[in-house]
Each structure stands twice: as C-alpha cells, then as structure tokens.
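All chains, please: the whole structure from these sequences, using the hints.
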Amino acid sequence: GAGVSQSPSNKVTEKGKDVELRCDPISGHTALYWYRQSLGQGLEFLIYFQGNSAPDKSGLPSDRFSAERTGGSVSTLTIQRTQQEDSAVYLCASSIDDQFGEQYFGPGTRLTVT
Amino acid sequence: AQTVTQSQPEMSVQEAETVTLSCTYDTSESDYYLFWYKQPPSRQMILVIRQEAYKQQNATENRFSVNFQKAAKSFSLKISDSQLGDAAMYFCAYRSAPSNFGNEKLTFGTGTRLTIIP
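As given, the protein sequences belong to chains A and B, one line each in that order.
Going by my numbering, the first residue of the first sequence is number 1, and it counts up by one from there.
Going by my numbering, the first residue of the second sequence is number 1, and it counts up by one from there.
None of these hints come from the bench; they were simulated from the model.
Accuracy of the hints is not assured; some may be wrong.
[Unchecked claim] With a straight-line Cα cutoff of 25 Å, these simulated SDA-like cross-link-like pairs (lysine to any residue) come out:
{"id": "1", "chain 1": "A", "residue 1": "Lys57", "chain 2": "A", "residue 2": "Glu85"}
{"id": "2", "chain 1": "B", "residue 1": "Lys78", "chain 2": "B", "residue 2": "Gln6"}
{"id": "3", "chain 1": "B", "residue 1": "Lys78", "chain 2": "B", "residue 2": "Ile46"}
{"id": "4", "chain 1": "B", "residue 1": "Lys70", "chain 2": "B", "residue 2": "Ala59"}
{"id": "5", "chain 1": "A", "residue 1": "Lys11", "chain 2": "B", "residue 2": "Met89"}
{"id": "6", "chain 1": "A", "residue 1": "Lys11", "chain 2": "B", "residue 2": "Ser28"}
{"id": "7", "chain 1": "B", "residue 1": "Lys55", "chain 2": "A", "residue 2": "Gln99"}
{"id": "8", "chain 1": "A", "residue 1": "Lys57", "chain 2": "B", "residue 2": "Ala59"}
{"id": "9", "chain 1": "B", "residue 1": "Lys78", "chain 2": "A", "residue 2": "Gln41"}
{"id": "10", "chain 1": "A", "residue 1": "Lys57", "chain 2": "B", "residue 2": "Lys70"}
{"id": "11", "chain 1": "B", "residue 1": "Lys55", "chain 2": "A", "residue 2": "Lys11"}
{"id": "12", "chain 1": "B", "residue 1": "Lys55", "chain 2": "A", "residue 2": "Glu85"}
{"id": "13", "chain 1": "B", "residue 1": "Lys70", "chain 2": "A", "residue 2": "Glu102"}
{"id": "14", "chain 1": "A", "residue 1": "Lys57", "chain 2": "B", "residue 2": "Lys78"}
{"id": "15", "chain 1": "A", "residue 1": "Lys57", "chain 2": "B", "residue 2": "Tyr25"}
{"id": "16", "chain 1": "A", "residue 1": "Lys57", "chain 2": "B", "residue 2": "Asn62"}
{"id": "17", "chain 1": "A", "residue 1": "Lys57", "chain 2": "B", "residue 2": "Arg95"}
{"id": "18", "chain 1": "B", "residue 1": "Lys70", "chain 2": "A", "residue 2": "Glu85"}
{"id": "19", "chain 1": "B", "residue 1": "Lys55", "chain 2": "A", "residue 2": "Ile96"}
{"id": "20", "chain 1": "A", "residue 1": "Lys57", "chain 2": "B", "residue 2": "Thr20"}
{"id": "21", "chain 1": "B", "residue 1": "Lys55", "chain 2": "A", "residue 2": "Gly101"}
{"id": "22", "chain 1": "B", "residue 1": "Lys73", "chain 2": "A", "residue 2": "Lys15"}
{"id": "23", "chain 1": "A", "residue 1": "Lys11", "chain 2": "A", "residue 2": "Phe100"}
{"id": "24", "chain 1": "B", "residue 1": "Lys55", "chain 2": "A", "residue 2": "Lys57"}
{"id": "25", "chain 1": "A", "residue 1": "Lys11", "chain 2": "B", "residue 2": "Ile46"}
{"id": "26", "chain 1": "A", "residue 1": "Lys57", "chain 2": "B", "residue 2": "Glu29"}
{"id": "27", "chain 1": "A", "residue 1": "Lys57", "chain 2": "B", "residue 2": "Pro98"}
{"id": "28", "chain 1": "B", "residue 1": "Lys70", "chain 2": "A", "residue 2": "Ser87"}
{"id": "29", "chain 1": "B", "residue 1": "Lys73", "chain 2": "A", "residue 2": "Gln99"}
{"id": "30", "chain 1": "A", "residue 1": "Lys57", "chain 2": "B", "residue 2": "Thr27"}
{"id": "31", "chain 1": "B", "residue 1": "Lys73", "chain 2": "A", "residue 2": "Gly42"}
{"id": "32", "chain 1": "B", "residue 1": "Lys73", "chain 2": "A", "residue 2": "Gly101"}
{"id": "33", "chain 1": "B", "residue 1": "Lys73", "chain 2": "A", "residue 2": "Glu102"}
{"id": "34", "chain 1": "B", "residue 1": "Lys78", "chain 2": "A", "residue 2": "Gly42"}
{"id": "35", "chain 1": "A", "residue 1": "Lys57", "chain 2": "B", "residue 2": "Gln44"}
Laid out in structure tokens, this is it:
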C-alpha cells in the first residue's frame, strides 16, 4: 500500500521567501508528526497533530513556522521569511493511535535556503 | 525533558561480523518505549526494532537484537552477520507512554553512521 509521501522532494529558495512543504500521511492514520533534520544532527521534533488539532507544537523554533492539517489527512508546514539556518531535511511521519503508535516516515523534503 | 545520547558518530564492521551500537538516555519516567531506526541514503527512516520499558526480555528481530538495561538507562543495538545492506545511519529514539493527547513524539539521538567493509 501507499506510504507517507512528501512534496516537493527538494526545494531551493532565496532567503526571505516563504515556502510550503506538504505531507500526505498513510490513509487512516490519525496522528501526524513533523521533524527537522539538520546536517549531521538527529531529528528534531516540530509539531504533532491528532486529527486536525495540534496538541503539541512545542518544537516550532519561531513564529515564522506554522503548520496545519485539514480533513484529518494532508498537512502543510509553512516557513515564512526563510533564513539560511532553516536549511534542513523536513520529515513527516504518521501513525495510528494504538499502544505502540509506530511512526511511518516519508522520504522528506530537503530545503536549501540561499 | 528526555535526552538520548549516541556517543559513536561512526562505526565500521567487516561483512558477516557482529557490531554493537550504543545508546543511553535520560528520563524520570518509568513507562516508555525505545526504538532503533535505520536511515539509508534514500532518507527514508525505517523502524528496526522496539522495546517496551516494562518488558524485561530484550527484543529481537532476526539479525537485530537489543541489550536493554533499564537501571543503567542503556539501550544498545547488536547487528549479527552484518550485510552490505545494513550500511546506513542508525538512530536511537525514545518515546513516552501515551498521554491523554494520544501518542507522544519521538526524541532522537544524533545517530551512528555504520559502514560495512566487504
């Protein structure tokens, strides 16, 4: 079956521009997570959705970052006025709401801010 | 807050040999889950193995097994009979038990890059 998909795969943008990153979770997965992976680093949590609500957005690094989820499915992560330090791979994961909540990851979007 | 530490940025092993990747974590919680994820160059994170903290028995998945020492807060991954396809970044991750909001986020270590020598 289809896994988690993300688009675009790669994005190059100029400093100061806004970008939107998209995540399509596995059908039926109620939970959705965004993580950021900077070069040589582990994954850093950004935000968690349960359905369309975001009970944990504690990882968003600044108010330039926002995310939404509609219809309990697709999610969009928006970065306004991009900075060079925003360059990273942005990974999305989804899971069902069982005991283990195994997270299935997408292939990520590599964002480069020039 | 929980932290996860992987002290080996890089490891290498001869094909068919055994290698152990280290992971320690810090938490005040008694109920949690631990995971090892593999990230090949394709960037796709793949779950290798998981361990529930309330289970004393170490988890195993084919050639992959863990040594879970709860008191020491240690969670190492052993790969037996290493294969070329095992080459990847390996991340150790921690997750709290489910809360009223549902399942919790993963907290990751910084990873260990594993190279397999033919």
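For each hint, the structure was consulted:
| no. | hint | verdict |
| --- | --- | --- |
| 1 | Lys57/A - Glu85/A | holds (20 Å) |
| 2 | Lys78/B - Gln6/B | holds (14 Å) |
| 3 | Lys78/B - Ile46/B | holds (16 Å) |
| 4 | Lys70/B - Ala59/B | holds (13 Å) |
| 5 | Lys11/A - Met89/B | holds (23 Å) |
| 6 | Lys11/A - Ser28/B | violated (40 Å) |
| 7 | Lys55/B - Gln99/A | holds (14 Å) |
| 8 | Lys57/A - Ala59/B | violated (32 Å) |
| 9 | Lys78/B - Gln41/A | holds (22 Å) |
| 10 | Lys57/A - Lys70/B | violated (29 Å) |
| 11 | Lys55/B - Lys11/A | violated (43 Å) |
| 12 | Lys55/B - Glu85/A | violated (41 Å) |
| 13 | Lys70/B - Glu102/A | holds (21 Å) |
| 14 | Lys57/A - Lys78/B | violated (34 Å) |
| 15 | Lys57/A - Tyr25/B | holds (23 Å) |
| 16 | Lys57/A - Asn62/B | violated (37 Å) |
| 17 | Lys57/A - Arg95/B | holds (16 Å) |
| 18 | Lys70/B - Glu85/A | violated (37 Å) |
| 19 | Lys55/B - Ile96/A | holds (22 Å) |
| 20 | Lys57/A - Thr20/B | violated (35 Å) |
| 21 | Lys55/B - Gly101/A | holds (17 Å) |
| 22 | Lys73/B - Lys15/A | violated (42 Å) |
| 23 | Lys11/A - Phe100/A | violated (33 Å) |
| 24 | Lys55/B - Lys57/A | violated (31 Å) |
| 25 | Lys11/A - Ile46/B | holds (23 Å) |
| 26 | Lys57/A - Glu29/B | holds (21 Å) |
| 27 | Lys57/A - Pro98/B | holds (17 Å) |
| 28 | Lys70/B - Ser87/A | violated (37 Å) |
| 29 | Lys73/B - Gln99/A | holds (22 Å) |
| 30 | Lys57/A - Thr27/B | holds (21 Å) |
| 31 | Lys73/B - Gly42/A | holds (19 Å) |
| 32 | Lys73/B - Gly101/A | holds (22 Å) |
| 33 | Lys73/B - Glu102/A | holds (22 Å) |
| 34 | Lys78/B - Gly42/A | holds (20 Å) |
| 35 | Lys57/A - Gln44/B | holds (23 Å) |
In terms of the numbered hints stated before, the structure departs from hints 6, 8, 10, 11, 12, 14, 16, 18, 20, 22, 23, 24, 28, listed from lowest to highest.
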